[in-house]
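Chemist: Sequences are here, hints too, so could you generate the full structure?
Those sequence lines, one after another, are chains A, B and C. Residue 1 is where the first sequence starts when you use our numbering, and the numbers rise one by one after that. Residue 284 is where the second sequence starts when you use our numbering, and the numbers rise one by one after that. Residue 725 is where the third sequence starts when you use our numbering, and the numbers rise one by one after that.
It should be emphasised that the hints constitute simulated quantities derived from the structure, not laboratory data. C-beta atoms are modelled at their ideal positions from N, C-alpha and C, and glycine is treated no differently. Treat the hints with care, as some may be off.
Below, in silico cross-link-like pairs of lysine-lysine (BS3-like), each with a Cα-Cα straight-line distance of 27 angstroms or less [as the list claims (entries may be wrong)]:
id : chain 1 : residue 1 : chain 2 : residue 2
1  : B       : 607       : C       : 866
2  : B       : 421       : B       : 685
3  : B       : 421       : A       : 72
4  : C       : 866       : B       : 610
5  : B       : 379       : B       : 406
6  : B       : 607       : B       : 720
7  : C       : 977       : C       : 866
8  : B       : 720       : A       : 72
Facing chain A, from chain B, some residues (calculated, C-beta under 8 angstroms) [stated by the list, open to error]:
id : residue
9  : 388
10 : 408
11 : 409
12 : 410
13 : 414
14 : 424
For reference, the chains in residue letters:
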Amino acid sequence: MIAWLRNPWARPRALVVVTGAYILWSLLPVALAVMFAFNAGRSRTTWQGFSFRWFTSQVGVFHDPALQSALKHTLLLGVICVAVATPLGVTLALGLQRWRGRGAGTVNTMMLLPLVTPEIVMGVALLLLFLKVFPGLGLGTVPQAIGQVTFTLSYVVVIVRGRLVSIGKEYEEAAADLGAPPHDQILRVVLPLLAPAIVASAAVVFALSIDDFVVTQYLSGAPSTTTVPMLLYASARGAPTPALNAIATVTLVITLATLSLAFLVYRRFAGGGDAAVVAAMEM
Amino acid sequence: MATGRMSHPKDRLGLTRRQLLQGAAGSALGVGAMGLVAGCENTTNPIGGGNIETSKYVVAKPTGPGGLPLPRPDNSVTWAILPDNPIIPEGTAVEKGPLTLYNYADYIWPGLLSRFEKQYGAKVQIATYNSSDEAIAKLAAGEVSFDVIIGLSGSNIDNLIAQQLIQPLNHALLPNLEKNIWPELQDPFYDRGSRYTVPYVVWLDGIGWRNDMVREDIAAMDVPWDIFWQSQAYTGKVGVLDDKRDCLSMPMQRDAMHTGATPDLNTEDPTIVAKAGRDVSELTGICNVKVTITDYQTLPEGKTVLHQSWSGDVIGAAIFYMPKGVKPDVLSFWGPTKNGVVQNDFLCIGRKSNKPALAHRFIDFLLDEKNAYDNFVQQNGYVPPQNQIDADSLIKQGLIPKTLRAAVTRPEQFAFNQELLQLSVAGEQLWDNAWSKFKAG
Amino acid sequence: MQSRWTWRLLASPGVLWLSVFFLVAFYAVVAVAFGNQDTFSAPVPFWKPWDWNVGYMLAVLRDLWSGGQYLTVFVRTFVFVAVSLALSLLIGYPVAYYAARHVHGRWRGIVLVSLILPFWINYLMRMLAWINLLSPDGWATKVLHWVGIDHVFIWLGLLANEGGWLDGQPSTVILALVYGYVPFLILPLYASLDRIDQRQIEAARDLGAGPFSAFRRVTLPLSVPGILAGSVLVALPMFGDYYTPDLVSASPKTNIIGNQIDELTRQGSEKVTGASLTLVLSAAMLVLMVYYLRTTRAAGAEATAEA
Chain A
1 MIAWLRNPWA RPRALVVVTG AYILWSLLPV ALAVMFAFNA GRSRTTWQGF
51 SFRWFTSQVG VFHDPALQSA LKHTLLLGVI CVAVATPLGV TLALGLQRWR
101 GRGAGTVNTM MLLPLVTPEI VMGVALLLLF LKVFPGLGLG TVPQAIGQVT
151 FTLSYVVVIV RGRLVSIGKE YEEAAADLGA PPHDQILRVV LPLLAPAIVA
201 SAAVVFALSI DDFVVTQYLS GAPSTTTVPM LLYASARGAP TPALNAIATV
251 TLVITLATLS LAFLVYRRFA GGGDAAVVAA MEM
Chain B
284 MATGRMSHPK DRLGLTRRQL LQGAAGSALG VGAMGLVAGC ENTTNPIGGG
334 NIETSKYVVA KPTGPGGLPL PRPDNSVTWA ILPDNPIIPE GTAVEKGPLT
384 LYNYADYIWP GLLSRFEKQY GAKVQIATYN SSDEAIAKLA AGEVSFDVII
434 GLSGSNIDNL IAQQLIQPLN HALLPNLEKN IWPELQDPFY DRGSRYTVPY
484 VVWLDGIGWR NDMVREDIAA MDVPWDIFWQ SQAYTGKVGV LDDKRDCLSM
534 PMQRDAMHTG ATPDLNTEDP TIVAKAGRDV SELTGICNVK VTITDYQTLP
584 EGKTVLHQSW SGDVIGAAIF YMPKGVKPDV LSFWGPTKNG VVQNDFLCIG
634 RKSNKPALAH RFIDFLLDEK NAYDNFVQQN GYVPPQNQID ADSLIKQGLI
684 PKTLRAAVTR PEQFAFNQEL LQLSVAGEQL WDNAWSKFKA G
Chain C
725 MQSRWTWRLL ASPGVLWLSV FFLVAFYAVV AVAFGNQDTF SAPVPFWKPW
775 DWNVGYMLAV LRDLWSGGQY LTVFVRTFVF VAVSLALSLL IGYPVAYYAA
825 RHVHGRWRGI VLVSLILPFW INYLMRMLAW INLLSPDGWA TKVLHWVGID
875 HVFIWLGLLA NEGGWLDGQP STVILALVYG YVPFLILPLY ASLDRIDQRQ
925 IEAARDLGAG PFSAFRRVTL PLSVPGILAG SVLVALPMFG DYYTPDLVSA
975 SPKTNIIGNQ IDELTRQGSE KVTGASLTLV LSAAMLVLMV YYLRTTRAAG
1025 AEATAEA
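Modeler: Next up, the structure:
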C-alpha cells in the first residue's frame, strides 16, 4: 500500500489480481469445454481419459452425418455471407464517407440501426418478411444468407470507414492531380490502401456468420439448413455427448484461425493499425 | 363426389366446398346438355327444392380451422382425396435418398435408421421440433418438404389437412399396416380408412418419479395429481410437459378426480380453461416448476425427481438413459385408469415431398414387427400398436422394470380414456392464452 | 473531383439492400402487429396504414397498463438487465482500467487478446461450458459448495437447494448474462479509457490531488461517455436475449420478454400478439438506440472532420 502511494504509476496489485481473475473466469470454462471434447467417456463433467473418439469415430464430428451437415452448412453460409457482405459494405462505406449533402445522415443512421437492434427483433422481422413479402423464397439457405448479410453489413462499413478516415484524402487528390480518372482513383489508389481493412472486415463477417444463432434459426427450413449453433442449442438442453463439445471446438478453431490470419495481414500491411482496430472495436 | 372408396354410411363424407361446387357445376352442365338434346323434360328424378335450412334443425358441431369438422370419437371424419393431391401410383419407382424426417428429438432409435440405410441404400436425415405447435407452424410456413412426419396426432390432423400439408397414402405399398397394427387403430375416427396417416406409437399421460428420492407413495394417493401442488420439498426438481394441451389437462383431470365428475379434456369452456391456467401457474410459486419434454433424461439423472410424463418417456428412460450405477427400478410411473389421456400419434407424408415412394417404404419399414420392437426396446420406450408385441412379457423378462408396469399401454385403455384433439379456432386461442400466461411466470 | 453522384451511386447497392431487408422487414412487423390472423392462425399483414387493426396492440397495451402478464415479464426483464449491467460494470471497469492504463509493452498484446477472445468464441459454446460446470456433478458446483458460496446464496434466498444452480434460479440467469455480455462491455470501456490523456491526470496530481482523488475527479468523469456507450451496447442485445434463460433454466419464473416473443411468434395462435410485443420492445429500446446513434454520429462526424 505504502509502496504504491510512493510510486503512483506502478502497477496496483489489486487491479492485477482482478484482471487476472477475470481472464481466468472468462476463458477457463471454454478451455474446459474444449478439454472435454477429448474425453474418453460419455460424460461432459467427469474426466475419463484422453481420446479422439468424438472427432474420428462413427459418432464423431467427422463421421456423424448430422454434425457433418451442420458444419458444412455453417461454413457455406459463412462463405456466402462474406462474398456478399464485403463488397456491399465496402461500396457503402466509400459512398457514405464521401457523401455530401442531403441523405447522408439518414443513410448513416440506417446503416447503424442493425448494430443496435436486438437480434430477436431482427429475427421476427426477417421471418415475417420472408413469409409475407417474399413467400416464393420460402425458408432456408437463401433467407438465412440474406439475414446474415443484413446484420453483418454494418460491421464492414464501420471497419472500412475507420480505415478510410485514417488514410485521408491525400492519395486520391494526388492521383487526381496527376490526371487519373475517378474510377481509377478508387480502384488503383483507395482500394489497395483499404485492403487490410477489407480483409479484417471479411474475417469479422465470417466469424459473426458462423457464430450467429437467432437469425439463422428463425430463417431455417429443411434439416439440411441446420447450423452448428442451432445444433448446440437444440442439444444443450438434452443430454448430449462430448461430440457437441467436439463440434464446438472445431468451429472455435476455424474462427480463431481466420481471425488470426486476418489480424496478421492487417498488422503487416496497415502499420499503425492500432488506432483503427480500437476504433473498430468501439463500434 | 363419391368415388367408390370405402365409406361408412354413418360418416360425414368430408366433402370440401370446392368439391361441392365442382360437383354442382358438373351436374348443372350435364342436365343442361341433356335438356338441350332432348328438347323437353323427360325425367323420373324428383324435383329438387324444398331444402330445409340444416343450420336450424341440427345442433352444429364445432368446426376447426378452415371450417373443417373436428374429429371426435362420436364424429369420425373421412378425409377426401383431392385431385390435385392424389395417391401415388403403385408402380412408382423408389427414389434415391436422402429421406428427411421431421420428428421429436430422441424419438426414433438411430440404429433403425442405419438399418434402413443398409437395407435400402438411402440415407435418413432428421430435423427435430420441440412441440406439435412448432411443427405445424414450421410446416405451414415454409417451402420445407419433409418426407415423413412423425409424432403428430389427432389434435393436429385438422391443421394438416386444412393447410394441405400432407399427402394421402397408398395402402398397397403398406402391407404391414393391415398385417401388424391393432385393429382398433387401423380405422381411426380422426382419419377413417387411414387415408393420410398410420399409427406410430401409443401412450398415456401420467406421473413419472424417482421412488428413491420422493418420499410419498404417489400411486396410493386418492388423487395422485395432487402431489404437484404439494411438492415444496422438491423445489426446482419438478417438471410439467412443454405442451399446452397435455399440461393444462392435468389440473382438469385433478379437479374431476376430486369431484368424481367426468372431465372434458377438449373443453372450450373459458372458465375451466382459465382455472386450469391459474392452477398450473400456482406451481411456479410452489415448486418453481420446469417446463420441458426431456424428462426421459432428467429423471434418470436426478435433475428432476417428479415429472408429468408421457408413459413412453419413462420406459425409454429405464431402458436407455440410466447413468452408470443407477438401477432402472428407481423410476416409477402412475397413470389414471379412466378419464385420463390415452392417445396415439401417427406417421404421415409431407405434401411437397418429392420422394413419396421412398417415404412409403420407410413407413412400411417402421410398421414391420421386428423394427417396431427394436425401436421400442432399444431406445424409444413407447409401445407400438403391434399385434405381436406383448409388453407384459417384456416386464416378465425384466426388460421393463416392474415399477413401470402402469406405463405399458393396452388397446382396452382407449375405451376408458380420452384423446387430446383439435379444437375450434376460438378454443385453441383460449388454451394458448392460458398457456402463455403461465409461461410468463 | 468526382461528382457527388459517384458516391451516391457507389453507396446505392448497400442502401437498397438495407432498405429492403431491414426497413421493409421492420415494416412487416408493424403491418402484422396492426393486422390480423386467419383461421389457421397465420398472420395477415395489413400494409396500408388506414386499414390498420389496433385490436391486438390495444390488448397488449391494456395488459401492460393493468399489470398483466406482459408487464410482469417486462419488469422482470428490466430488473435482470439492470442488475446484470451493474455487475458487469463492477467487474468490467477495473479490468478495462487496468488494461488501458497500466499494461505496457508486450503484456499489452497478451492482455488485449485475452480480452477480445471471448468476443469471438461462440456465445452458445460459452453458455454450454457453464451448463456443464453448474450441473449437479459439475466442477463449478463442487467448488462453489466447497468455498461455501452456495450456502450464502441459499441464506440470501437466491438459491433454492445445494447444487440447484440450473433449477430455474434468477440468480443463475443473471450470472449467465453477466458472463455472456461483460466482454462486450470491456472493449468500449477500454477504448474510452485508453483515449484519456495521461497529461490531464498528471496535471491533477501535480496540483496536489491524491491518486484516488485524481481518479474520481479526472479519470472517472472523462470515462463516463465510454461507460454510457458500453452500457447501451450491452443492454440492447440483453433485452432481446431469450436463449440464455432457456439454457440455464427452463422455468417460467425466469422468462424474459425475449422468451415471450419467441414463444408467441414461432408457434400457436398468437402470432399477431407476438409482433405487437416486438413493436413495444422496439419502442422501449428506442430511447437507448437514439442515444447511441447520436453519440456515434457525433464521434463519426468528429473523425470525418479531422480527416
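Chemist: Which of the listed hints are not met by the structure?
Modeler: The structure conflicts with hints 2, 6, 8, 13, although it agrees with all the remaining ones.
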